[in-house]
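For the protein sequence lines, the chains are W and Y, in the order given. Read in this note's numbering, the first sequence has 247 at position 247, and its numbers run on one by one without any break. Read in this note's numbering, the second sequence has 1090 at position 90, and its numbers run on one by one without any break.
Treat the hints with caution; some may be incorrect.
[Claimed, not checked] If you only want the chain W side, here are some residues facing chain Y, beta carbon under 10 Å, derived:
hint, residue
1, P137
2, G157
3, T230
Calculated from the structure, these hints are not laboratory results. Glycine is no exception: its CB is placed at the ideal position from the N, C-alpha and C atoms.
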Amino acid sequence: MSTLAIDKAGPSRKVKYGSMSRDRAWALRWSYFFLVLFAIFFLTPPIYMLITSLKSSAEISAATNPWWVFHPTLSNYVELLTSNQFLRFFWNSSIVSLAVVLVTMLISVPAAFALARMKFWGSATLATGVFLTYLIPDSLLFIPLFKMLAMVQELTGITLLNRWYVLLFIYPTLTVPFCTWIMIGYFASIPKELDEAALIDGASWLQTLTRIFIPVALPGLIAATIFAFTVSWAQFLYPLVFTTSVDQLVLPVGITTTLIKGDVFNWGQIMTGALLGAAPPLIIYAFLMDYYIAGLTAGATKG
Amino acid sequence: MADVVVEQGQAVRAARARKPTSLRNVLGRKSTVAFFLTLPLILLIALLVLYPAVYSVHLATLNKSMQKFVGFGNFLFLFKRDTFWMVVKQSCIFAVTAVFFKALIGFIVAHFVHNIPAKGQRKWRGMLLVPWVIPPAMSTLAWLWLFDPSYSAFNYTLSFFGIGPINWLGDNVWARFSVILVNIWYGAPFFMIMYLAALKSVPDQLYEAAAIDGANWWQKIWYVTLPMMRNIIAITALFSLIVTFANFDIVRILTSGGPLDQTHIFATWAFKVGIEGSDIPLGASVSLFMVPILAVAAIFILRDVSKRGNEA
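Let the sequences and hints guide you as you build the complete structure.
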């Protein structure tokens, strides 16, 4: 604000401003030039996916210009969307991702509320611990988890390995810590007068959570939901390790293991499958971009 | 973060002290409610994160059939293998190079997006974040096809410039280059978004003051932008270091570690040894070698995050 006043007061300001705007025009042109270059780099693979998915296998193996479709066809899409196997992968992925979102929210929202608002013994340590858990990668845990599942299976007789439902227990380890962490941030930013007023009016803690915190922190809740969904949808390592039968696979593993038959790569179908597999996150992103980005940046800026 | 929790906890306690607590039964007591609200979280973390982490240390001390305790036998075995040292070297090259270029490209792109008029920024930002949104397993398949030895779209394009066919995934050096390139492509948009958010939080007055003092654009970046963004750069880079170091999808799909194990990193080699080679203890030992680097990065992140919390 104060600089604005100085701006107006400075007599030589006009001249300076003229040269700055000329500089800025050039900076703008360069910015657009480089942005176009980077956009080409960033968008080449998805566009190439689309181009290949519209080609017949004859056109792919004829060494024509790979960047252009001469005889567009939807046969790859028709073939995949009528294949029971592919629909099975899609169905498994959807069920797993939606259920994981639900489980994640049921665990992380109450926990975040307790950690943000109710001070109890060890709450600060637990909040830090949750953040640290988020930093433990899947590639560190897949071997012990595999052995643990095998042991539980032996002890109880319940089949866990090679079943898609085991992913419902495993995926929350990836989603819950981050969702709890960003929900703590959102809950802590709610003015405490709100919940004090609710407590004075005689609301219980649970009522304070459901009637005040969840509605007020809804943008955070949406961001956390999107995060949980995209992480579960994209997860590759755990399903690759824990499931092997074709009817138990989720989409990423299904496409990479079944569409590649030996050394024969049916690239038209692989690209179509990959594009269809990328579609749900892309559609969510297209419609809820602001929430998506809020969730992305919240991890480091909130809290 | 911790300070916020403490402060609000005390405020709530003060508010509750005015109320007659004797009317509440045990179930209504704050600590009891809090315990039940966090119980699922604690169980999940304890059973499926902490227990496996400790269990993998135990696993690493067993022999292949998991019948006999061998102490450090697996580690000593690994130290004697050339492949292991190659994996260590490749993991470090992979992670450091990829994170450096992700940070650099992310910083440059964020600057360009920040430069253009505000109403166009949303469109560009939306377009440039697409690589991060596509599941990495899916987009790596597209890269695999772009790198394809016989129908490579890259080689087709390069042939117009007279550059001979490159064996992208078959040659040692090029295969290493390729996995790093794909990782940069996937991760740079994340840096871009983080830096863009940080750039927007730098007050314009600082740039105006710098301009009045006669600073050129480079001096503005070096003396204003970088110091203001130091914390967010550190957090993002350390976080990305963890994720990149533990990467699995990209290397697995692109090269499966080949040619001749040259591109294996810890995660893919642990998978190959532990799951495909069914030597679970050896696989666990391999993945445990990630822990020291992850721990150091995690400590620094935690320090920076709590520093941010205190500043705010």
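Taking the hints in turn, this is what the structure says about them:
1. With its C-beta approaching chain Y no nearer than about 3 Å, P137 of chain W sits inside the 10 Å limit, and its interface hint holds.
2. With a least beta-carbon distance of about 19 Å to chain Y, the hint placing G157 of chain W at the interface is violated under the 10 Å criterion.
3. A least Cβ separation of about 7 Å between T230 of chain W and chain Y falls short of the 10 Å threshold, and the interface hint therefore holds.
Hint compliance for this structure: hint 2 alone is broken.
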